[in-house]
Amino acid sequence: MIKAMKNKSLELLTSQEVRVVIGYEKGTKCSTRPSFFFLPEDIERMVFDEECKNNLAVYLTKENIKNYGRLAIIANDKTLQSIVKLISENQIREDNLFVLTPGSEDGQVIVLNSIEEIKSFVNKSIPSQKEPDSVDELVARIRKMSREERWKYWQDEFARCIRCYACRAACPLCYCTRCTVESSQPQWVPVASHVLGNMEWHIIRAMHMSGRCTDCGACAEACPVNINLQALTRVVRESIQDEFNLTTEEYLEGNNVLSSFKPNDNETFIR
Amino acid sequence: MPTVETYKISPVSLEKLFYQLLKEDRKIYAPVRRNDQVVFDLVTRYEEICTDFIQTAASPKNLIFPRYENLFSYKKGKDGVEIQQFNPDSIPEIVIWGLRPCDAAGFKVLKSLFNWDYKDEIFNTRLNKTTIIGFSCNQCDEYCFCTSVGGNPGNTTGSDLLITKAGEAGYLVEAVTEKGKGVIERSDSLFESSDNIRKEEFLADVPVMFTPDLLKEKLEKVFESEIWQQQSIRCLGCGACTYICPICACFDIQDEAHGKKGTRIRCWDSCGFSLFTQHASGHNPRMNQAQRWRQRVMHKYVYMPERIHEIGCTGCGRCSRACPVDMNILDHLKSILKS
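Those sequence lines, one after another, are chains A and B. The first sequence begins at 1 in the numbering used here and counts up one residue at a time. The second sequence begins at 272 in the numbering used here and counts up one residue at a time.
Since the hints were made in silico from the structure, they are not lab data. The structure displayed is predicted, hence computed values, not measured ones. Mixed in with the good hints, there may be bad ones.
Claimed, not checked - In silico DSS-like pairs for lysine-lysine, Cα to Cα no more than 30 angstroms straight-line: (1) Lys298/B / Lys279/B; (2) Lys152/A / Lys532/B; (3) Lys450/B / Lys298/B; (4) Lys489/B / Lys26/A.
Claimed, not checked - Negatives, chain B to chain A, calculated, CB over 12 angstroms: (5) Ser281; (6) Glu318; (7) Phe357; (8) Ser361; (9) Asn395; (10) Asn399; (11) Glu439; (12) Ser458; (13) Asp466; (14) Phe473; (15) Phe481; (16) Lys487.
Stated by the list, open to error - A partial selection of chain A residues facing chain B, derived with a Cβ cut-off under 10 angstroms: (17) Thr28; (18) Ser31; (19) Arg160; (20) Tyr165; (21) Cys167; (22) Ala192.
The C-beta atom is built at its ideal place from N, Cα and C for all residues, glycine as well.
Build out the structure end to end from the sequences listed, making use of the hints.
Structure follows, in C-alpha cells:
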C-alpha cells in the first residue's frame, strides 16, 4: 500500500495539483511521525503503516498550513472522522483538499476530493460494532464508582496535570485561535496547575468538546504525564450519541448539540 | 572546589543508608513506577525505588522549582494592605535519591539562573535544604546526548553524593560536597574504603556528537535560516518539552484574588506558547512557531552560555521522548550543524 500511497502523492505533487502532502515519515526508535512533503524527491522518505497513529487533521486548521492552499493529507480512520467534523464546522474548504486513505482492497489507495466523497467513504468504513478496548474497561470501572469516588478519581488524575496543553495542541477540533483558558480579563480559569485550576480546565474542555469530540485519542496520546483523557472523551462522545439519539453519521455531520438551537426542542427551559 | 572523597558501599548498607536518611526526618523523593511511567515521588520503602530505567518521564526540577508556588499573600483592610511573605522556614529538608547525573547537573544551571542578578530566596532555600544523591548511568538510549553538552554518565556536577553501581558486589560512592560528606559522617559505619574501583568501566557509553562550542558557533550564523521553519512545521505548539525539561525555568506571575484577599503565585510558563510573548497591544514579536522553536534552541545553546556561562541543556533527551510529534532535539541539532 505504501507504494500506491507514494505514487498518488508523487502524482499530486508533480502535477502541481497540491503544494504539500501531509503524511508520515520514520521517527525515532520504531515510531513514525508527522511529516510534510513539498518536493517529489521528498516522497522517498514517506511511510504508512499501522504505526502511523498521529491524527494529522490537527494541521489542517493551522494558519501557516492553510496558507499553502491546495494540499493532500494521508488519513487513517481517526483523521478521516476529524476531517468530516472539521468540514461540518466550516473549517476546511474541500476543494482545497485531497484525502488519501487506504481502501478495502489490499494495497489500494483511495483519493477523496469532495465533501460528499469523504462523508460517504467515512460512513461506509466505520464499523457498526467495535471490540471493547482498555479505555472501555476503564470507563466501565469509573461508571461503577459512586459520585464521590468518581470525583476523587478525576481529582487524583488531574492533580498530575502540568498544564502543558499538549492535549489541546494535539486535538484537531481544538482549533480556536484564542482559548478561553488564556483569557485574562476576566480570567475564567486559574493559570496555576493546582487541582482547582486543572479540574476547571479539563471540565471546560470536555464540555466544549461534547458533541464535537470524535474520541480519536490524540489528547491522551500526547499527554506527557499519562492522564487517562480518553476515558473522558469516550464518555463524552457516547453520552451525546445516546442522549440525543444520534447515529454515528448524524454525530459526525454536524448536530453540535451544545451550539445548536431548535425551536421544537423537547426541553422547555431552552425555548 | 572541595576534593571528592570516594568510598564503597554494599547493597545492604545502601538500603540502610536510605532508612538512616528517613530517620533523620527527611522526605525522600525517588524514581517509582506510576501510571506506566517512571516518575519522582515520595518514597518510604526502599523496595519501591525503581532503578531499571533510562530516564524518568519528567525531571525532578519541580521539587525545587515547583509547578506553582505562593510568593506572598495579601489582605486589604481599613489601614491599607497587609502583606504576608512566604516563610522559607516552612520548606522541609528533602533528599532527591536516584536521579541521573544530567538532572543533578540541571540543578547547577538552575542555581545560576535563579542567582543571575536577583538572588531568589525561595529557590535558594529549597536547594540548600535538598540533598542530591545522584546515580550514574549504566545504560542510555538514542535520545541521550549528555556527552555532547559537557556532561557524562558519571558526572558528579550538581550531586552531593554520586553513587555508581560497580558490579553486583557494591557501589562506588563519591562525596562531592560538604553536604554529601555530612551524610557519610553521620552513617560512617556503612561505608568502606573504595579499593580503587575503576568507575569508567561501569558507565554507559554515550557517543559524542558535537561540542557545545561548535554548536554555538554554528547557531550564531543561522538565525535567519529557513531551517527553523522546516524543523518546526510539525511542532504543535504545546509546552510539554519545556515543562519536563530539567532546566527550562520561565515562569508567569499570577494574582489569585478572592475579594479583598489574594495570593501572588509563580507558575511555569513556556516559550512554546504563542501567548508567551504577546503584548497587551496584541502585537506578538514571536508571531509563529518557527520563531518560538528558534528561541528555545538559541536560549539553551547560545544565550545562556553567554549570560550565565552554562549550557541550557544537559542532554537528558526528555523533550524528544515526550514530544507528541517526535520533535527530536538531537536530530534537529545535528541537522543544524550539517546545514
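Hints, verified against the model:
With a CA separation close to 24 angstroms, the supplied pair Lys298/B and Lys279/B stays within the 30 angstroms bound. The suggested pairing of Lys152/A with Lys532/B holds, with an alpha-carbon distance near 28 angstroms, which does not exceed 30 angstroms. Restraint check for Lys450/B and Lys298/B: the C-alpha separation of about 16 angstroms stays at or below 30 angstroms, so the hint holds. Simply put, Lys489/B and Lys26/A have alpha-carbon atoms about 27 angstroms apart, close enough for the 30 angstroms limit, and the pair holds.
The non-interface label for Ser281/B is consistent with chain A: the shortest C-beta to C-beta separation is roughly 36 angstroms, beyond 12 angstroms. Non-interface status of Glu318/B relative to chain A is upheld: no Cβ of that chain comes within 12 angstroms, the nearest being about 23 angstroms off. With a cut of 12 angstroms on Cβ distances, Phe357/B stays outside the contact zone with chain A, its closest approach being about 14 angstroms. Non-interface call for Ser361/B relative to chain A: holds, since the shortest CB-CB distance, roughly 17 angstroms, exceeds 12 angstroms.
Remark: the non-interface label on Asn395/B is consistent with the geometry, its nearest Cβ contact in chain A lying 22 angstroms away (cut-off 12 angstroms). Residue-level check passed: Asn399/B sits 25 angstroms from the nearest beta carbon of chain A, beyond 12 angstroms. Even its closest Cβ contact with chain A, about 30 angstroms, leaves Glu439/B beyond 12 angstroms, as expected for a residue assigned away from the interface. For Ser458/B, the requirement that its beta carbon stay farther than 12 angstroms from each beta carbon of chain A is met, with the minimum near 34 angstroms.
Against the 12 angstroms criterion, Asp466/B stays outside the reach of chain A, whose nearest CB is about 39 angstroms from its own CB. Once the 12 angstroms rule is applied to beta carbons, Phe473/B is consistent with being away from chain A; the minimum gap is 25 angstroms. No Cβ of chain A approaches the Cβ of Phe481/B within 12 angstroms, the least distance being about 18 angstroms, so the stated non-interface status holds. Even its closest Cβ contact with chain A, about 24 angstroms, leaves Lys487/B beyond 12 angstroms, as expected for a residue assigned away from the interface.
Proximity of Thr28/A to chain B holds as hinted, the smallest CB-CB distance being about 5 angstroms (cut-off 10 angstroms). The criterion of a C-beta within 10 angstroms of any C-beta in chain B is met by Ser31/A, whose closest approach is roughly 6 angstroms, and the hint holds. Checking Arg160/A against chain B by beta carbon gives a least distance of about 8 angstroms; that is within 10 angstroms, so the hint holds. Restraint check, Tyr165/A versus chain B: the minimum CB separation of about 5 angstroms is within 10 angstroms; hint holds.
Annotation: interface hint on Cys167/A holds; nearest CB of chain B at approximately 8 angstroms, less than 10 angstroms. With a least beta-carbon distance of about 4 angstroms to chain B, the hint placing Ala192/A at the interface is held under the 10 angstroms criterion.
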